[in-house]
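Engineer: Below are the chains, spelled out letter by letter.
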Amino acid sequence: MKAPGRPSIPASFWGIPIPGPVALASGTCGFGIELAEMNLLDDVAFVFSKAVTPEPRDGNEPPRIYDTGMGLLNSIGLANPGIEKVLSDVLPRAASIGRPLVINVAGATVEEFARTVSALEASGVHAGYEVNVSCPNVEAGGMAFGVDPSEVGRVTRAVRRETDRPFAVKLTPNGGDMVRAAQEAEAAGADAVTVCNTFLGMKIDWRTGTPVFRRGVAGYSSPALLPLVVAGVWQVSSAVGIPVIASGGVREASDVLELLSAGASLVQVGTGVLRRPSLPSEIAAGLRELLCED
Amino acid sequence: MKAPGRPSIPASFWGIPIPGPVALASGTCGFGIELAEMNLLDDVAFVFSKAVTPEPRDGNEPPRIYDTGMGLLNSIGLANPGIEKVLSDVLPRAASIGRPLVINVAGATVEEFARTVSALEASGVHAGYEVNVSCPNVEAGGMAFGVDPSEVGRVTRAVRRETDRPFAVKLTPNGGDMVRAAQEAEAAGADAVTVCNTFLGMKIDWRTGTPVFRRGVAGYSSPALLPLVVAGVWQVSSAVGIPVIASGGVREASDVLELLSAGASLVQVGTGVLRRPSLPSEIAAGLRELLCED
Amino acid sequence: MNGGMMDESALVMESRFVDDGIARLVLEAPGIAAECRPGQFAMLEPSPGAFPVTRRPLTFSGCDRSAGTVSFLFDVVGKGTSLLSEASPGDRIRLLGPLGRGYDITPGRWLLIAGGMGAAGFPFLLSRTGGGLVLAGMRSSRGIGCLPAGSRLATEDGSAGVRGLVTDLLVDIDWDAFDSVAVCGPAPMMKAVVLAAPRSAAHRIQVSMESGMGCGWGVCGGCPVPSSGGGYLSCCRDGPVFRADCIDWERV
Amino acid sequence: MNGGMMDESALVMESRFVDDGIARLVLEAPGIAAECRPGQFAMLEPSPGAFPVTRRPLTFSGCDRSAGTVSFLFDVVGKGTSLLSEASPGDRIRLLGPLGRGYDITPGRWLLIAGGMGAAGFPFLLSRTGGGLVLAGMRSSRGIGCLPAGSRLATEDGSAGVRGLVTDLLVDIDWDAFDSVAVCGPAPMMKAVVLAAPRSAAHRIQVSMESGMGCGWGVCGGCPVPSSGGGYLSCCRDGPVFRADCIDWERV
Ligand SMILES: Cc1cc2nc3c(=O)[nH]c(=O)nc-3n(C[C@H](O)[C@H](O)[C@H](O)COP(=O)(O)OP(=O)(O)OC[C@H]3O[C@@H](n4cnc5c(N)ncnc54)[C@H](O)[C@@H]3O)c2cc1C
Ligand SMILES: Cc1cc2nc3c(=O)[nH]c(=O)nc-3n(C[C@H](O)[C@H](O)[C@H](O)COP(=O)(O)OP(=O)(O)OC[C@H]3O[C@@H](n4cnc5c(N)ncnc54)[C@H](O)[C@@H]3O)c2cc1C
Ligand SMILES: Cc1cc2nc3c(=O)[nH]c(=O)nc-3n(C[C@H](O)[C@H](O)[C@H](O)COP(=O)(O)O)c2cc1C
Ligand SMILES: Cc1cc2nc3c(=O)[nH]c(=O)nc-3n(C[C@H](O)[C@H](O)[C@H](O)COP(=O)(O)O)c2cc1C
Ligand code: FES
Ligand code: FES
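In order, the protein sequence lines correspond to chains S, C, V and X. Counting from 1 along the first sequence, just add 1306 to a position and that's the residue number in our numbering. Counting from 1 along the second sequence, just add 1306 to a position and that's the residue number in our numbering. Counting from 1 along the third sequence, just add 365 to a position and that's the residue number in our numbering. Counting from 1 along the fourth sequence, just add 365 to a position and that's the residue number in our numbering.
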């Protein structure tokens, strides 16, 4: 969509006016309700919700979080109340957050992705979807789809059939060819791709010889991964015509400008918001300063 | 080879007795000559040389190095004097380093890999090879092989035909399935796999909108990547019977123990040695301390 | 629950080691001091730099509303607590709070049972309950200076109080003499206490649970506590203080 | 070339800002002080922590063998130099050196030409050549306190010396009056000086080149300098000081 080059601050995304390029990443802001209560959504372009699956999921056994000091490992496992409760309890409350909401959806089969989206169509609260074919923390589904470009195409087509709302496909950096996956998503009708979900990481307690997490591997996020995400956004944005949403490693305004330079049309912040709920506003201030002095 | 679990310190590798599990990674120690002059090889198990290609290579245009503050981007581009000069000038000097030398070889075609190894067989100085199908910094060859498991198999078979010395195949984490690549390497006769080369990363100067490096992407290394390497070693060592050599993110003794726990039989240090030439000895002291107190 | 949370850039008023590896921090955070209740906690940012990437949860150990200060008492166990212990008066530390549900403070007689650093929050709790009997189990005499005066003590090495575990102190306890029981410490210790208590007391016992925390304000899903109703409760949002019978102790 | 390098844990003797954004460090490193020569450099570790991941190269600005100290003068431009400038006396900084080839110090009259912080190494050089004429080009008067006394000066903003570039000072120079010429500064400035010099002087000009450095001791291949013979020379091993006619200025 956007050629890499000097960054310009987008005024809209998917036709919706936005106050700046920063969006909240899935799984690190709930449905935006907590931040809305704190009046911290002013500088947020879009809210990407926690993943929703057809049935309620308890999520993985504890522990689910480990901060190595240099990055965060998480093994949440798509804990969520399921479509029914989301429709009856969560979305009505999210209706008042005042920012466009994108629902992140996941499933164990192509049919489950389609069913989730189809059921959520009953709500008028959200602006679109983010199709999560890249969750590293569940056995079936999740990343298994993302690493196979043709599976990405199948899921995308199935979702496209269910909705006219715009949706993004969230890619995985964990094996497989992210550029080809993005091209498949585009060909199958996606309105954007998100580059990318967390990286497969692992922490082992050498004194016992056992991994900290029950599933062994977990999803890893860190500001030190930014160069990997910049490379991914650059490669994908050079290969597709749909907008690229950057996700990963953002900590400050210059990171956002670098990702826009790499070809992103929107930039998500995740782990950084867990630590600083006011990060989007801090970044907005930083952007004003950098673009002014420049 | 080794089941993941409580780490034990290996006493030998490829049948060669070693003082500990720490080896020097390719491209960050030359041929060990500088460190030998400083008497800093005492605690080094193996020296993995800078990559050698059939013809001399000037390497990439500057800049070649960028420290983001959280990690190192390099775009060296296999700069090396070529087989002929390596045989005539370098290896005779490396003969006296007193530690087993493994020559890292690269090529643009399967034939070039075979030709390099075949030519180097003339020397008796080195103990084996590391086949670099994973260099992110050259257009032809390098990583192009590594991302395709069947190409990894082809290169491995071609090298196997040329030598009876042991060799490792060095895998890439940049797309493709590292576990399948390792299995292909094993089936084709490799004596070990190295997990893994640098990650594809990129730095863009947003003020100009242009990448710092001419080739755009570069190879990225950082201690913050350790969890990714631990996950890779764990997955690969669970899937193959040959030894796994860990490479990436090691900074201190506990990192080495974690990688041994993940199933590694040898652990390389690269970027850390650029900064601290005495790192192997510092780690050896750290290992003694940790294993004692434990 | 966390709608009223604030993110204050708190001034360090006092920072010192009170015992080997135990640090005390007093921070000026008037907004949080005005709102926080015993059993609630704050997320402290160990460094203004990039690393570590998450904050660290600490229980309020004390709160002086008129001075606008809150205090924390903590074991230095890793990178985050080590950085926090290195703060100097005059530095600033980002403080997110108050977070979670604290103790349900009802009138009557209180029994407080601590394991190790679990006693950190008791001074604040006692200031609101108007007192109570404190039982504490420690590994050694390290940290006994942090216990409220008059605490009954058991140490594993016998260096102070009786030799044994805190559960050994429970044998003399008449549970019916207390209207509320607060328990805070390592999970196995809390489990042992709850199992040692008569079934009839379970609904009067409040336990303060621990869990690794990614956010502390309810959005990351990182802090599950096994629920007696099946599935998980959220430690940071539904807790950290729970009624003992809400927890599935089998899965703790 | 770097076989004699040492990695010393150097004590910070002095650390201060000598001008806006210009820091001076004096480090006690007796081994390195005993060996280093003008034009050589050291790699300084900005922090004992994990980040940044590489050291930073700085030219020796001075060396006191009897005191066992070396000094550095540097612009604070990024993370690494900023951390170095924050060191306090009593801290320790890891110092790898001496590295590279310094100036070929032959007897006779010396002309020293600096651009900006390129003058950092001149005090040390002058102490070994027994003096010389110094020409310096600066952006403004910031940093002129770092120049050797008696330097002829050009500033871009005209705030000190003549208004203009250092090359403007060259018009009066009789190149044949000097046996050796040392040039140090940003690459475009050095290129302009070399191009302005008569061809006959080229072999008498020594230039001190800069390059990003991964190691500083010859193993990473990260510091290429375009060679007039084709291909690249290594800045840290073959340089950083080169004869001007060894460099391919077209590719600089
Ligand atoms: C609500 C709440 C209140 C608390 N209040 C107090 C208090 O008042 N005083 C006090 O001393 N402590 C308190 N704690 C505990 C305190 O938060 C931790 O000790 C602190 O976060 C450790 O951080 P660190 O960076 O120093 O250690 P880290 O480096 O993060 O880890 C310390 C140790 O814990 C291990 N570890 C860390 N995370 C995990 C995990 N997920 N699974 C397994 N092992 C892990 C590490 O391996 C290491 O051994 C509280 C915790 C909670 C949840
Ligand atoms: C042999 C030698 C001797 C030196 N001696 C001195 C001296 O005596 N005094 C002195 O002031 N300086 C000297 N320098 C320069 C000094 O090493 C650098 O200024 C320093 O390394 C910058 O580190 P930093 O972490 O502060 O900046 P960084 O954060 O690393 O970068 C500072 C700036 O440079 C840019 N940059 C960094 N690397 C690259 C790259 N590869 N390509 C493009 N841009 C890049 C960054 O974008 C940033 O704007 C010397 C350099 C060499 C090679
Ligand atoms: C605790 C946690 C939970 C997450 N949950 C989800 C999720 O449910 N769905 C999803 O697509 N991504 C999820 N992610 C990934 C983030 O949305 C984001 O893509 C990733 O963390 C990289 O961005 P960051 O570096 O800014 O955190 C989660 C990340 C974290 C840290
Ligand atoms: C400057 C530099 C040059 C490298 N050159 C090579 C090389 O020639 N061949 C190779 O297989 N790997 C090369 N690598 C990769 C390292 O051998 C190592 O696998 C990688 O850096 C990860 O380890 P580390 O985190 O300890 O640095 C290079 C790495 C760096 C930083
Ligand atoms: S710590 Fe994030 S939800 Fe509780
Ligand atoms: S800086 Fe590493 S070779 Fe010169």
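Hints were generated in silico from the structure; no laboratory data involved. Warning: the hint list may mix true and false statements.
Distance windows between CB atoms, simulated [stated by the list, open to error]:
(1) V:P454 with S:T1415: 56 to 62 Å
(2) S:I1315 with X:D539: 52 to 58 Å
(3) X:P553 with S:R1460: 52 to 58 Å
(4) C:C1598 with X:A399: 51 to 57 Å
(5) X:P413 with V:P472: 51 to 57 Å
(6) C:R1521 with S:R1312: 16 to 22 Å
For every residue, glycine included, the Cβ atom is placed at its ideal position computed from N, Cα and C.
Engineer: Take the C-beta atom of R1521 of chain C and the C-beta atom of R1312 of chain S, compute their distance, and say whether it sits inside 16 to 22 Å.
Structural biologist: holds, 20 Å
Engineer: Is the hinted range of 52 to 58 Å satisfied by the C-beta distance from I1315 of chain S to D539 of chain X?
Structural biologist: Given about 56 Å between the Cβ atoms, the range holds.
Engineer: A range of 51 to 57 Å was offered for this pair. Does it hold for the Cβ distance of P413 of chain X and P472 of chain V?
Structural biologist: holds, 54 Å
Engineer: Is 51 to 57 Å respected by the C-beta to C-beta distance linking C1598 of chain C and A399 of chain X?
Structural biologist: violated, 37 Å
Engineer: Using the Cβ atoms, figure out if P454 of chain V sits within 56 to 62 Å of T1415 of chain S.
Structural biologist: holds, 59 Å
Engineer: In this structure, is the beta-carbon distance linking P553 of chain X and R1460 of chain S contained in 52 to 58 Å?
Structural biologist: Check passed, 55 Å falls within 52 to 58 Å.
In terms of the numbered hints stated before, the structure departs from hint 4 and from no other.
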